[in-house]
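Protein chains in written order, with numbering that gives the first Met the number 0: chain Z, 0 to 381; chain G, 0 to 381.
Don't read these hints as lab results, they were simulated from the structure.
Be aware that one or more of the hints could be misleading.
[Claimed, not checked] Below, a sample of chain Z positions facing chain G; criterion: calculated Cβ distance under 10 Å:
{"hint": "1", "residue": "Gly-18"}
{"hint": "2", "residue": "Thr-61"}
{"hint": "3", "residue": "Pro-100"}
{"hint": "4", "residue": "His-103"}
{"hint": "5", "residue": "Asn-112"}
{"hint": "6", "residue": "Asp-113"}
{"hint": "7", "residue": "Asn-115"}
{"hint": "8", "residue": "Leu-117"}
{"hint": "9", "residue": "Tyr-127"}
{"hint": "10", "residue": "Tyr-128"}
{"hint": "11", "residue": "Ala-130"}
{"hint": "12", "residue": "Gly-131"}
{"hint": "13", "residue": "Arg-139"}
{"hint": "14", "residue": "Pro-142"}
{"hint": "15", "residue": "Ala-144"}
[Claimed, not checked] Here are the computed lysine-lysine pairs in the DSS-like style, where the Cα-Cα straight-line distance is at most 30 Å:
{"hint": "16", "chain 1": "G", "residue 1": "Lys-163", "chain 2": "G", "residue 2": "Lys-251"}
{"hint": "17", "chain 1": "G", "residue 1": "Lys-280", "chain 2": "G", "residue 2": "Lys-163"}
{"hint": "18", "chain 1": "Z", "residue 1": "Lys-321", "chain 2": "G", "residue 2": "Lys-27"}
{"hint": "19", "chain 1": "Z", "residue 1": "Lys-27", "chain 2": "G", "residue 2": "Lys-321"}
{"hint": "20", "chain 1": "G", "residue 1": "Lys-338", "chain 2": "G", "residue 2": "Lys-251"}
{"hint": "21", "chain 1": "G", "residue 1": "Lys-55", "chain 2": "G", "residue 2": "Lys-89"}
{"hint": "22", "chain 1": "Z", "residue 1": "Lys-55", "chain 2": "Z", "residue 2": "Lys-89"}
{"hint": "23", "chain 1": "Z", "residue 1": "Lys-321", "chain 2": "Z", "residue 2": "Lys-258"}
{"hint": "24", "chain 1": "G", "residue 1": "Lys-55", "chain 2": "Z", "residue 2": "Lys-55"}
[Stated by the list, open to error] What follows is a list of derived Cβ distance ranges for each label pair:
{"hint": "25", "chain 1": "G", "residue 1": "Thr-123", "chain 2": "Z", "residue 2": "Gly-94", "range": "47 to 55 Å"}
{"hint": "26", "chain 1": "Z", "residue 1": "Asp-20", "chain 2": "G", "residue 2": "Pro-228", "range": "46 to 54 Å"}
{"hint": "27", "chain 1": "Z", "residue 1": "Gln-272", "chain 2": "G", "residue 2": "Thr-123", "range": "34 to 42 Å"}
{"hint": "28", "chain 1": "Z", "residue 1": "Arg-168", "chain 2": "G", "residue 2": "Gly-325", "range": "52 to 60 Å"}
{"hint": "29", "chain 1": "Z", "residue 1": "Asp-20", "chain 2": "G", "residue 2": "Gly-21", "range": "16 to 24 Å"}
{"hint": "30", "chain 1": "G", "residue 1": "Thr-184", "chain 2": "Z", "residue 2": "Leu-111", "range": "48 to 56 Å"}
{"hint": "31", "chain 1": "G", "residue 1": "Gln-91", "chain 2": "Z", "residue 2": "Asn-96", "range": "39 to 47 Å"}
{"hint": "32", "chain 1": "G", "residue 1": "Gly-325", "chain 2": "Z", "residue 2": "Gln-119", "range": "19 to 27 Å"}
Ideal Cβ placement from N, Cα and C applies to all residues, glycine included.
Protein chains: 2
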Amino acid sequence: MAAAEAETSMSAEAYPMKGGDGPNSYAKNSAYQRGVVDAAQQLISRAIAENLDVEKLPSSNTFCIADLGCSIGPNTFIAVQNILEAVEIKYQGQGLNSHIPEFHVFFNDHTLNDFNTLFQSLPTRRRYYAAGVPGSFYVRVFPNASIHFFHSSCALQWLSRVPKEVVDRNSPAWNKGRIVYSNSTDEVLRAYEAQHAEDMECFLHARAQEIANGGLMVLIIPGRPNGTPHSLSSVNQAHQLLGSCLMDLAMKGVVQEEKVDSFNIPLYYMSPQELEAAVEKNGCFSTQRIENLPRVSALDIVTKSSQVFASHVRAATEGLVKQQFGDNILDELYDLYRKRLEEQPSIFESGKAINFLVELEAVFEQNRCFSKNVLNQISSTD
Amino acid sequence: MAAAEAETSMSAEAYPMKGGDGPNSYAKNSAYQRGVVDAAQQLISRAIAENLDVEKLPSSNTFCIADLGCSIGPNTFIAVQNILEAVEIKYQGQGLNSHIPEFHVFFNDHTLNDFNTLFQSLPTRRRYYAAGVPGSFYVRVFPNASIHFFHSSCALQWLSRVPKEVVDRNSPAWNKGRIVYSNSTDEVLRAYEAQHAEDMECFLHARAQEIANGGLMVLIIPGRPNGTPHSLSSVNQAHQLLGSCLMDLAMKGVVQEEKVDSFNIPLYYMSPQELEAAVEKNGCFSTQRIENLPRVSALDIVTKSSQVFASHVRAATEGLVKQQFGDNILDELYDLYRKRLEEQPSIFESGKAINFLVELEAVFEQNRCFSKNVLNQISSTD
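Make the full structure from the sequences, and use the hints.
Structural data, given as structure tokens:
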């Protein structure tokens, strides 16, 4: 267990979604993410029908599902219910009706996630035993070979941390005056790319130990189409606009300019090709399927109203902004942001964005993956 | 999973300890409970050394520990660490040093427990994977045969609910003007005894399904010595005094008298004999050991100061009082309580109290216990 000790002690940065169930909460401002869950449902059911090997299930007869980066709900409950029903159908389809397992569902997110609200909103008539698992998914959070189905939706775009160089004024990658990498120098972009590559390696390495024999992993990732420059990613453009609002507040003296200079959002929008390359480099999983989700209809709702879109961005970024600039600027900042969105409705049309799904199976003996010396790599980046 | 669905939908009452880490929180007012954990340490280590059957562990090589009624910490972390080290020593003692399993620890308490504070205070360098499990331990909270070591300390004195009759003004068991059963009529006492018997049956039935082959359960229960009337239990006396303070506030018009009449604390202080009888009636476990803990030295600290003792009682009862009477009376009530304690220091000497430990092993095939029709019983008491 020395390994587990080393890994759980890694201090990933934490930027939970806005907790509680108030008007600015994630729970009340995640209609788009709900749309992604709905759009992925059929593909996940197909993955389970085609590739889940129920014969390999352990004798304990418990099927363990983990939702990584679950946030607060209700989206995670809907996703989990879809998975559970697809597994039941798989058993029934194989004539194993009387062998349908019990389900243990692990809801994972940062330690600072609002688990109290998550637990209090759990469906009362659920057909599974529920547990909350605090901790960054960039390190180990489960015992060896214990999870049969990993799911993650709209979470892997968050990096484990802001790359150090971009907030170091002595580095060529210093990201002065900006809060995202997409309209920055090549050095900044490379720093983000390197962080993303390292994070994906840590993520896949950890999951390779945790996945049970015959298990599956399905990731739904907000990203950008293959070949699209980061600067044309619409979410990057949206965050870039938030950065320019912060600079406006700096010009007005509401916030210190150097605080904006040292503020960066740890988001990275990968392409499907980048994800495939990370999986290949890691070597512990094979890609069974990778495809774009159908257009999420909730996107139309979110982008139709600058107010709704601003609230959507606020629910995800308020925690970070508050940490850097304090409580007082929140209303002013997001109100300014809403106004800027109104002035530039084209932002919703010019940019490009996709959600893509990747289905992974473990391919190597877990011991082989475990022997790779990634732990040292994790420690050295702390 | 129809069973799990029925069971998780049972609505046990929830009365979590005071959350957060403020001056009135459980985290800051549980020195006595910490003393109990320390006093039990050696006995638990001995139970593991003598009776844990490591040969029967499942092939997945994960050892699962559950702390039932864990509250907020740090006591639960200390108890879990003791258990983990004792299991490691057991493996080492059998020459199985290289087979020491990974540990998965499940922290269980009511859904309204402050899991956010619990997770944020988890030891950073722990040697286990941690999960929080929301839900009453009087119903199923874990999959079949999934837990190797059950622990519970200072939690089983809480009933699943206030017996209905004692708050029904048309019942002969109506507990008018009192908030505990110990100085009440025979009818009230019998209602509490019946609730306790039913709760223990539900508790043992649920655990019998959840315990893994070769697993152990160790319960530490605050109670009263065999043969001691409830009225001489010192904790009952302490709560009785709180009830008389509430009646004083009713006389002064601060609270309504009928609100006091309909307020009862769902605590029951059993004797070791009563626990043994419940285990025998249930039939799924055998009692390996039952013995009183050494006197908890922290009791002297808690009882030396009326202020400390009042805070200790407040941390455990404030949630219930607030639910019935609102926020406003809390300071006045517990201040009056502190004064009454100062006037009657004899309360700490005249009463009797023990903490006893019981060590249980599953004796029947789990299917046999599962076939007992206790589920209907649970549903009908809702």
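- [ ] Return the status of the interface hint for Z:Pro-100: holds when the least beta-carbon distance to chain G is below 10 Å, violated otherwise.
- [x] holds, 8 Å
Open item on the list: Next pair to validate is G:Lys-55 with G:Lys-89; report whether the Cα-Cα distance is within 30 Å.
Closed with: holds, 13 Å
Open item on the list: Please verify whether Z:Lys-27 and G:Lys-321 have alpha carbons no more than 30 Å apart.
Closed with: This hinted pair holds, its Cα atoms lying about 28 Å apart.
Task: Given hint G:Lys-251 paired with G:Lys-338 - CA-CA distance at most 30 Å - done: holds, 17 Å
Task: Cut-off 10 Å, beta-carbon criterion: hint that Z:Thr-61 touches chain G - done: holds, 4 Å
Task: Cβ distance range 47 to 55 Å for G:Thr-123 and Z:Gly-94, holds or violated - done: With a Cβ separation near 48 Å, G:Thr-123 and Z:Gly-94 satisfy 47 to 55 Å, so the hint holds.
- [ ] For the pair supplied as a hint, Z:Lys-55 and Z:Lys-89, confirm whether the alpha-carbon distance does not exceed 30 Å.
- [x] Given that 30 Å is the threshold and the Cα spacing comes to 13 Å, the pair holds.
Open item on the list: Quick check on Z:Tyr-127 please, does its C-beta sit within 10 Å of some C-beta on chain G?
Closed with: holds, 7 Å
TODO: Mind checking the CB of Z:His-103 against every CB in chain G and telling me if the closest is under 10 Å?
DONE: holds, 5 Å
- [ ] May I ask you to test the interface hint for Z:Arg-139 with respect to chain G, counting a Cβ-Cβ separation under 10 Å as satisfied?
- [x] Holds, because the Cβ-Cβ distance from Z:Arg-139 to chain G comes to roughly 7 Å (cut-off 10 Å).
Task: Restraint satisfaction for Z:Pro-142 [CB to CB of chain G, less than 10 Å] - done: holds, 4 Å
Task: Z:Gln-272 versus G:Thr-123 beta-carbon gap, inside 34 to 42 Å or not - done: holds, 37 Å
Taken one by one, the earlier hints all hold for this structure without exception.
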